[in-house]
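Participant: Chains A, B and C, in that order, give the protein sequences. Residue numbers for the first sequence follow the working numbering, so the first one is 1 and each next one is one higher. Residue numbers for the second sequence follow the working numbering, so the first one is 199 and each next one is one higher. Residue numbers for the third sequence follow the working numbering, so the first one is 517 and each next one is one higher.
Since the hints were derived computationally from the structure, they do not count as laboratory data. A few of these clues could be false.
[As the list claims (entries may be wrong)] Footprint (simulated), chain B over chain C, 3 or more residues, beta carbon under 8 angstroms:
1. 578–590
2. 845–856
3. 879–886
4. 899–905
From a predicted model like this one, the values you see are computed outputs, not experimental measurements. Idealized CB from N, CA, C, for every residue including glycine.
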Amino acid sequence: MSTMADPYRLPVDPVGRFSPGWWAMVLVIATEAMFFVYLLFGYLYLDSLARGAWPPEGPPRLTLAAPNTVLLLASSGTTWWAEREITRGAIGRFRIGLLVTFILGASFLGIQGLEYARERFTPSSHAYGSLFFTITGFHAAHVAVGLLMLLVVQLRAAFGHFDARRHLAVANVTMYWHFVDAVWVVVFTTLYLLPNLG
Amino acid sequence: MNGDMSLFSPAGPAGRTLTQLGWWLLSVSVLVVLVVAGLVAWAIVRRRDGLHAADEIGSPAPRELRWIQLGGVAIPAVILVVTLAFTLGAVHVTGAPARRAAFTVEVTGHRWWWELRYVQADGTRRVVTANELHVPVGEPIRLELTSGDVIHSYWVPALNGKMDLNPGTTNVTWIMADRAGTYRGQCTEYCGRQHANMATFVVAEPAERFAEWLASQEAPAAEPASADAREGRAVFMRAGCAGCHTVRGTPAVGRVGPDLTHVASRRTIAAGLLPNTPGYLAGWVSNAPALKPGTLMPASMLRPRELHALVAYLGTLK
Amino acid sequence: MTTGTTPVPLDERLTRLWRTAPGVYGVFATVDHKVIGRRYLVTSVVFLLLGGIEAALLRVQLATSGMRLLSPAMYDAVFTMHGLTMIFWYAAPVLSGFSNYLWPLMLGARDMACPRANALSYWTFLMSGIFLYTSVLLGQMPDAGWFAYAPLTGIAYSPGLRMDFYAIGLVFLGVSTTVGAVNFLVTIFRTRAPGMSLDRMPIFVWGTLTTSFAVLAATPALTVACAFLYLDRRAGTRFYDAAAGGSALLWQHLFWSFGHPWVYIVVLPAMGMISDLIPTFCRRPLVGYPFVALATVSTGILGFGVWVHHMFATGIPPVATSFFSAASMVITIPSAVAVFAWLATMWHGRPVLRTPMLFAAGFIVLFVIGGVSGVVTGSVAYDWQVTDTYFVVAHLHYVLIGINVFAVLAGFYYWFPKMTGRMLDERLGRVNFWLMFIGFGVGFFPMHTLGLAGMPRRIYSYHPGLGWEWQNLWVTIGSFVFALGIAAFLVNVVYSLRRGAEAGANPWDAPTLEWAVPSPPPPHNFERIPIVASRHPLWEERLSPDAPRTQLEGPALDAGRDTPGTTALDAEADEVLRMPEDTLWPFALALTLLVICYGLVAGRWWLAAAGAIGLAATIVGWFWPVRHQPSGAAT
């Protein structure tokens, strides 16, 4: 293997797409995705057993959740844009993209908090209540972790850690953020849309 | 209390079907193990060498993959297909009786005893007893299983496979004994401290004897004849027993513990833990937790005279 | 660079780059996979012994009817802790220990791909075990069984802290298992030696590779189940409450969706170890390598489709249970493929009966007994008779001890020389084997007949006159003989560490890469990175003299802590990976998790919150980049 004759012609340290850190994030996302699969299995299983109405108090209202979904999906767009800008070396626009993403994500959590406060049932009311709050709650926790990651990336950007070539942390964090949004699409469809359609 | 829990002593059609399936499974298993163990031993014995005696490393042999094709795939596949066919057949036979069940008994699992309610032809449940299920010989009996607390499992090996008792849902199974006798069972889903002592019995009797039993169970508690027994009934009411136990025909309507209207007709107490004799009964009543640690029945504070009277009263509840 | 002084030899240069820092700092900061692997092995054996003490107590209590060694309450706690300790804190971690130690050596690498994550997976394993055993000190051991069925585990029927230790402890251990699995997979994808394509990896690596995927897919089910349990107990939720729309069977589905793949997680690497050592002791390559690799992977996948066979008696409709019964039969086939591959290798080879091979031979017999008893229980109709009896206890111990423990012992005898530079004593090894094999047979075979005699499981005592006494006594006697075998193993280890014969690099004349380095290996494993050309690098000259050879003397890669990064399928080198220095972050992170767990179990939310803040800070610190000089050394 000619490259191994002089291995230091190969790049040192991960800059490429499939670096160990990138793979680690992919695998963590995979196992976290399974976590939501099992949460949703719990929901669908108890739904299948339910003798009365499911949800017991009628389908959840979309008035807050639907716009909130749009907000979160928009934040995926801004994240994508921010990552594109850093690959072009546009640090300023990259940091603005991070900031807007953060604001959108934080707003999502705020609006969800508002929805929680207005909900007629609690986690203790019945198994549906337990599932509703736990599933959306674990998702919200993932969003919160994502916000912390965005903060750290913002901080590192301020220290000048990133440029067009070296921004592995950005790729990983944006991948995580897209994952969190994708999970919301599935959760929203299962918990909010399906009961309103069925 | 004793009994035969063996899986090889079936006393009904379901039990027999499962025992036959068992013979197939166990015979094939033993055969496979003997063949493989023989091959292992033979392979070792036939050629053995020191580690560096010959430096040679063996190469792939012709047709060596036959081992995998035959032993690893073809033969196991045939055995498993046949086994699955027998299995599905047994599922079908044991799933429901060949003819309609004579009646239904609602079995409710508690920690650590079995509540039995016979559903009469008119839909009422006038016969309520505990732990000892009487059935007529040769008739399929439908059992509706549920739990009043945690998960239990109903199992009488001679008569059919086990079925769980889940809180909030009802499972249906059936038993049929084709010869008279007493068949022992036990709870087979870990349910807490006294899971080990939650036995049950099925007493299969000829049709007339069963009808007599049922009729006597329907009747309310007999009026106690002796003064001792009347004193005992008074003790029963004032010492708190009535708070947990029912004796039909008296003010005692408690539902926490077993119905005692005909307790004296049962062969055991404490779900098969103790024989139903005055001595054991006295010991149980005075200090149940000492005999069955963890039981929900508290020790009583009865004086010896009261205890004696109470046991005499319980003895009249045939 | 140096001028005017003699150049430092390559070996010395690499040792200085790779060795763990001395002193206490090094103890807590090491990221060397060999140190971490050894720690995993020793710690797992400690848990094995704890579980064994628990088993001894159970067996004395059951030796005859009416024993009063353990009260019902103590019995329930001891059988729960026995199951938890053995299944979670011994059976999988011991295999992680072997994997951690051996993978880089087998794969021609200088370390695992994520050395700091490796350290984290060990510290969390250790601390989760300490957390669980804190319950013993407080007299609050979990006591609702290792399987912990709801609603018995709810706060109403299980008051106190016991089942909180259970739920939190398992989630904590799950972090260890998950981090470990990620590390193994990244290692496979990125750090195999150049030329080590997937079809040249040892079967042991295929085993852990498969189980690492299974861990990622299955562990979340247990996390969800335990989260629901903890919330039901402490936050008033109603997941398992049938009266509120919940279901006790929800716990069972979630638990067994995890639990069944878990049983393959604790046996597939063990089977892989046997697949790799039988060829050595039969002096020829494994028959049907591709089929064995395929059998490993397909068992892992099929393992996700059989979980309902743990629930055959729950009242699930016959259509569903029949499907799962059929699936449980199908999964036998890949195991049969493996067994006959081993038999064929033995038949067409020249078996050398040293201690590892003795254990391998015993392993095969016990494997098949466990396998057929699995078919018996897999037949749904007959399972309705044997489930929840000692027949199942027999089955599970044949597969867990027969497959995992016997393979682990074989692995210890095989790789102890590599790890320590000394051979384990052969005579003591034979004593060890026969005590274990005979003790196991006497101790566990009668459990089959006890089950067929109707003895249920999980009972603290039984009536005289049911016909169970004699068999129980044999079981007790046999299990103590088995324990003597374990003792013989420990004696052998202690003796051989001081007085064992010197091993040399390849005492067994084995074919794979770990035998190309000194015993024990230097901190950097390989002085020169090998470039691999076949499945049996050290046998190439004798197996196929004309084929291209593995280059054992590849590049030195000595500018820093470097190892080659290679592509996932064909292992072509595409970058040089700079490995991290020793660091305290993994230990610190594990500590923050321990603080969170104690906060949760004690109901002190401020403590859990403090731990969470510490966790966030530690993660940020861990991932904060280290500035490197152009030469490669870190500042």
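Participant: Of all the hints given earlier, name the ones this structure violates by number, lowest first.
Facilitator: Violated: none.
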